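Novice: With chain A's structure known, arrange chain B on it following the hints.
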Amino acid sequence: MANFSTNEFRPGLKVMLDGDPCSILENEFVKPGKGQAFNRVRMRNLKTGRVWERTFKSGESLEGADVMDRTMEYLYTDGEFWYFMEPDTFEQHQADAKAVGDAYLWLKEQDGCEVTLYNGTPLSVAPANFVELEIVETDPGLKGDTAQGGSKPAKLSTGAVVKVPLFVTTGEVIRVDTRTGEYQNRVSK
Amino acid sequence: MSDWRPGAALAQLRQRAQLLAQIRAFFAARGVLEVETPLLCSRGITDPAIEPLLVEHGQSLTDAPRFLQTSPEYAMKRLLAAGSGPIYQICKAFRDGEAGRRHNPEFTLLEWYRPGMDHHALMAEVAALVCSCLGERPWQAFTYRELFQRCLQLDPFTADVAALQRTARQLTDPGTLAGGRDLWLDLLLTHGVEPWLAGQGLCFVYDYPASQAALARLAQRDGQVVGERFELYIDGVEVANGYHELDDAVEQRARFEADNRQRAAASQPERPLDEALLAALAAGLPAVSGVALGLDRLLLLASGETDIRRLLAFSWERC
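Just so you know, the protein sequences line up as chains A and B, in that order.
Read in our numbering, the first sequence has 1012 at position 167, and its numbers run on one by one without any break.
Read in our numbering, the second sequence has 444 at position 238, and its numbers run on one by one without any break.
Hints in this document: simulated from the structure, not taken from any laboratory.
Note that the coordinates shown come from a computational prediction; the quantities given were computed from them, not determined experimentally.
Treat the hints loosely; a few may be bogus.
The list that follows gives simulated cross-link-like pairs (lysine-lysine, DSS-like), each with its CA atoms no further than 27 Å apart [to be verified]:
(1) B/LYS298 / A/LYS879
(2) A/LYS892 / A/LYS902
(3) A/LYS943 / A/LYS892
(4) B/LYS298 / A/LYS902
(5) A/LYS902 / A/LYS879
(6) A/LYS943 / A/LYS953
For reference, chain A alone in the conformation it holds in the complex (with noise of 0.2 Å):
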């Protein structure tokens, strides 16, 4: 991969730093009058998500990642790693759960996400920011209370439990924010 100079840093540039890809989120130079000039730089390990600042002196250079985002449909799970087909080649991948992290609770097989490609291979997979899932276990409802407040666990099939209104019953089909896990609304089927 190219070098980048500090210099060269925009928003979105990925980076390897200490080993693990980096993505540069903010840079700002800045130099006392006199004296050594550095760049004050916000960046992501997309590895483990961290976000800090780290100072580099002005001029320096970091090897470009080879990390790419794709959007690619989630086939199926065979309990040790998950399975993404590229749309438009139909190319498959295989993501661990390391990869996968907490992204397997709105994973519904067909459906749209975000694959992370690092050197060919899942870094990371970002589910749509709202799916639409079953409830396959809750508390029996109270009939007619649809406007009143108060709300209950509901386990969704794909093992999520988020919160729903009391009114909601088991085989219903809700969509959630997946960045929040919040209840939306009941989708009609």
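Specialist: This is chain B only, laid out in the frame that chain A set:
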């Protein structure tokens, strides 16, 4: 290139023209002479933290490439040594690799020299000029040492490098940064002191560590050797750098040579010394203070903008 339009609004160009007129009126009223000196110089600056741009081809370049000036300082000092009296210049200066919200590799400098003034008298005049451009406002001045003690609870003259590094680590992840005392002091200044200065309006910092004196005289202050150098910050933006000028040719040569040793150690090209400047100092520079003020930054503050690229008709990316 498809985007031919200027990056600055017409109002910004008018404000720049007005600022230039105000500055010229300010100096005319004080009897300071406007001068011009060459942009292309046969000698580059030795300062290891400043890299010039080089012009390498052309029939006129008979001997060697020429450097686009990083400041008009050396030429103006030759004028002073020749008896010019107080002088000022508004010119372009160039510094390689400096680009950002407050930096453009090509920028406009206002530089002036006041025979007979020390750096405190010149600070007062800088404040007067800035107030004439931005409107009246109070100003304050702190020593470099006071600021480090106030912002970082650290004495920059006596703390050891390990203590500087420890404090730096509380402000940022320094990763593999390596360097001497001045590198850590610079980092603490940009990361730990400048954010505090952002709330202080018009504020001078003066009496720097001797190792950062650049072209300023040295003096004894409270048991420490300091460089009689100052920087002006306005709302945390570094706007000007001034010196009670070093007038000793022997000491000046020693500093240039020390710069070159530092350059060699860092695998940077060494710079031939400006012998004409050294000869002028040997012939006799009057006791003088001088200052360079970034006009684009002053305009940044006058306009309330936050990015210098919106004040330049055509910033580096657009020309």
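Novice: So which of the earlier hints does this model not fit?
Specialist: none
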